[in-house]
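Residues per chain, in single letters:
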Amino acid sequence: MRVLAAMSGGVDSAVAAARAVAAGHDVVGVHLALSARPGTLRTGSRGCCTVEDAHDARRAADVLGIPFYVWDFAERFAEGVVDDFVAEYAAGRTPNPCLRCNERIKFSALLDKALALGFDAVCTGHYARLGPDGLLRRAVDADKDQSYVLAVLTADRLAHALFPVGDTPKAGIRAEAEERGLAVAHKPDSHDICFIPSGDTRAFLAARLGATPGPLVDDESGEVLGSHAGVHGFTVGQRHGLGLDRPAADGRPRYVLGIEPVSGTVRVGARERLAVTGLVGERPVWTGAAPTGPVECVAQVRAHGGLAPAVASLDGDALVVELRTPLEGVAPGQAVVLYRPDPAGDVVLGSATITRACRSWDP
Amino acid sequence: MTYLDHAATTPMVAESVAAMSEALTTLGNASSLHSSGRRARRVVEESREAIAAALGARPSEVVFTTGGTESDNLAVKGMYWARRAADPARRRVLASAVEHHAVLDAVQWLAEHEGAEVTWLEVDGFGRVHADTLAAAIAENPDDVALVSVMWANNEVGTVNPVRELAEVAARHGIPLHTDAVQAVGTLPVDFRAAGAAALTLTGHKLGGPYGAGVLLLGRDVPCAPILHGGGQERDVRSGTLDVPAIVGLAAAVTEAVAHAPRRAAELTALRDDLVRRLTAVVPDAVLNGDPGQSTVDDGPSRLPGNAHFSFPDCEGDSLLMLLDANGIECSTGSACTAGVAQPSHVLLAMGVNQRLARGSLRFSLGHTSTAADVDAVLAAIGPVVARARSAGLAGLRRG
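These protein sequence lines are chains A and B, in that order.
Counting from 1, one number per residue, gives the positions in the first sequence under my numbering.
Counting from 1, one number per residue, gives the positions in the second sequence under my numbering.
Just so you know, these hints were derived from the structure itself, not from any lab.
Bear in mind that the values here come from a model prediction, so they are computed numbers and not experimental data.
Each residue gets a CB set at the ideal place from its N, CA and C atoms; glycine is no exception.
Be careful, since some hints might not be right.
Said to hold, decoys possible - Stretches of chain A that chain B covers, calculated by requiring three or more beta carbons in the stretch to come under 8 angstroms of a beta carbon on chain B:
| no. | region |
| --- | --- |
| 1 | 68-77 |
| 2 | 242-256 |
As the list claims (entries may be wrong) - Pairwise CB distance ranges (calculated):
| no. | chain 1 | residue 1 | chain 2 | residue 2 | range |
| --- | --- | --- | --- | --- | --- |
| 3 | B | N29 | A | D62 | 56 to 66 angstroms |
| 4 | B | E114 | A | D26 | 46 to 56 angstroms |
| 5 | B | H101 | A | H186 | 33 to 43 angstroms |
What the hints assert, rightly or not - Computed from the model, here is a short list of chain B residues facing chain A with C-beta under 7 angstroms:
| no. | residue |
| --- | --- |
| 6 | S32 |
| 7 | D318 |
| 8 | S319 |
Take the sequences, apply the hints, and build the full model.
Here it is in structure tokens:
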């Protein structure tokens with residue numbers, strides 16, 4: 001196969017490319033330049049596409065003996081991921097930019113370009129398994145599993161994807177990188193959102209959205225407890241940074257329960273009011289055929305944690321998910337990903353973007 | 001392999017390799033006073049004389065540097081500082097908008113750190129600076145101009161500038177003109193005295209010499225402050241132990257290149273015209289950027305003989321480059337930055353080419369090892385490559 005290896009400059013994508021080469025594929029390495037603010041490419045920005053990361057990717061490609069190029073996807077990334085990220089927060093939702101990047105950049109713009117240029121597949125360093133059966137499964141390394149952010153991919157996209165590192169724990173990947181002579185073997189993992197290298201998401205959003213003050217309201221009593229600088233500072237389930245100057249009457253901590261972007265109202269309350277028993281998602285995506293009836297599954301509502309047994313069904317264009325056990329911190333804008341438990345690795349069935357959480361289920 | 005990126009770097013000629021190899025095993029610091037030193041110095045001075053003779057300069061006007069970037073920086077910054085020191089009113093730098101980054105960024109740096117004011121000289125649709133554009137820019141206030149910098153021939157689109165005419169306009173007001181002739185030496189008739197320039201940049205590895213060796217031709221009476229301070233080896237304008245082997249290799253290459261320039265220009269022009277004619281027949285909507293190269297400027301061709309620069313509508317340059325590379329054909333998208341990302345060329349944008357079209361550009365540059373078979377190889381590959389790149393489209397751009 002002709003394989004385009006997306007190489008971020010990190011250890012996972014370097015080993016993924018190495019494994020594609022070892023499997024006998026004809027591999028070309030590409031580093032995606034995702035930031036094009038004037039000056040940053042010349043002087044070196046921190047984050048997703050530093051000159052250093054491009055250099056590390058290039059050096060890995062040298063070691064593997066494959067051609068290497070840097071492709072500029074900055075405009076598409078700005079439009080499809082960064083602008084979307086800001087707009088989602090402004091609308092009171094909590095987006096997952098990695099998921100959007102996979103959906104709109106890596107397995108859309110990049111894959112389309114690769115296929116048009118004569119490649120058969122795009123290979124990345126994501127921790128997930130994609131076997132000959134075409135099913136997308138969780139990675140062997142549960143801590144590193146990234147199947148959640150890949151669950152937006154449809155079968156025709158997955159048919160052209162390779163995730164060569166999903167069958168190995170992270171420590172094994174690092175050891176293999178070392179064995180293969182890849183200098184990135186001990187490069188630290190990236191944790192932050194790549195386009196917010198400071199890690200200060202609130203400051204990033206405030207700089208783009210400005211101050212849009214609104215009230216903090218007690219969910220139970222309706223009492224206005226204080227004010228805030230903008231709904232983009234909040235995520236459902238958030239406890240810290242509410243800016244309340246006095247404790248609740250019952251002395252217990254309060255959490256963000258809901259965000260109403262039009263009025264700018266942030267509703268807060270006690271932890272037990274966070275529990276949701278069902279949710280509704282829009283734009284469902286299926287890794288295989290769409291289900292015709294209710295599906296018994298496990299639902300996951302954020303990138304790490306947030307799992308519950310559930311029953312999912314389609315209602316027109318909407319996905320309706322009934323949770324068998326309540327979940328906390330279900331934030332609109334996040335994805336709900338449906339898994340089918342499997343001893344060989346839980347299988348991703350599909351996903352949708354959460355639009356609404358229901359605190360008491362009423363069929 | 002078909003190497004058509006001679007404007008990036010061209011293979012060393014045998015004369016240069018031989019001369020340099022011999023010098024590499026010969027001991028001697030050209031500044032030392034003993035026999036070994038004197039021998040090294042003699043070789044340096046012979047090299048200086050050879051380069052001066054080849055380019056219509058005096059030996060004392062040859063300042064050895066590490067290459068084009070250093071020569072450009074020395075000329076732009078050094079002449080600016082010297083002219084401003086003589087008269088604080090002289091703070092304006094006039095430079096063309098299509099200069100190489102070594103000039104462009106040096107000028108920009110003077111503006112940001114040394115109080116320079118910049119007048120970017122506009123170019124026409126071919127990327128050429130006209131004498132009346134320069135005259136008008138000077139006329140705004142002839143007394144505040146520190147220097148003018150206009151390249152001899154453009155490294156991307158190959159258009160040749162009327163340097164003699166431009167230097168004349170500047171000289172009328174006693175203003176020195178620097179010209180970056182990195183691409184010109186070896187194919188165009190370059191005569192420093194006849195051109196009337198105050199300073200001229202050339203570099204070894206673009207004309208069959210070694211990397212890391214260049215010259216700034218600097219008129220005897222042209223004041224220029226140094227960037228590098230130290231032993232003052234080169235007229236006190238440039239310090240640093242002279243790199244004898246590199247200088248010897250450079251002189252051999254310059255001598256060879258200039259001696260064969262007329263024949264080489266004719267050969268390259270024929271190959272280039274064949275490439276342009278046949279490529280535009282295969283890809284009818286390909287646009288040749290820059291001067292068509294069918295007229296003359298200062299008694300030489302109006303376009304670099306080995307340069308063919310095209311834009312391919314609805315293609316991305318990096319797709320084209322990768323597909324040609326996979327077919328064993330090496331060329332360039334024009335200008336690259338440190339991360340290796342092809343940015344839309346400032347040269348094309350200054351010429352009025354729209355950003356979208358600019359991104360789909362390729363430069364084929366022929367040189368002394370190019371053959372008709374190289375042109376045939378491009379022609380055999382280019383049709384399917386463009387079709388495929390076009391289907392991949394402009395995937396990195398906004399869809400709207």
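The hints, checked one at a time:
1. 68-77: n = 8 at 8 angstroms, threshold three: holds.
2. 242-256: violated (count 0)
3. N29(B) <-> D62(A): 56 to 66 angstroms: Once the Cβ atoms are compared, 37 angstroms apart, the range 56 to 66 angstroms for D62(A) and N29(B) is violated.
4. E114(B) <-> D26(A): 46 to 56 angstroms: Since the Cβ atoms of E114(B) and D26(A) sit about 52 angstroms apart, the hinted range of 46 to 56 angstroms holds.
5. H101(B) <-> H186(A): 33 to 43 angstroms: 35 angstroms, holds
6. S32: At about 40 angstroms, which exceeds the 7 angstroms cut-off, the nearest Cβ of chain A leaves the hint on S32(B) violated.
7. D318: OK, holds: D318(B) within 7 angstroms of chain A, min 6 angstroms.
8. S319: 6 angstroms, holds
Consistency note: the structure conflicts with the earlier hints numbered 2, 3 and 6.
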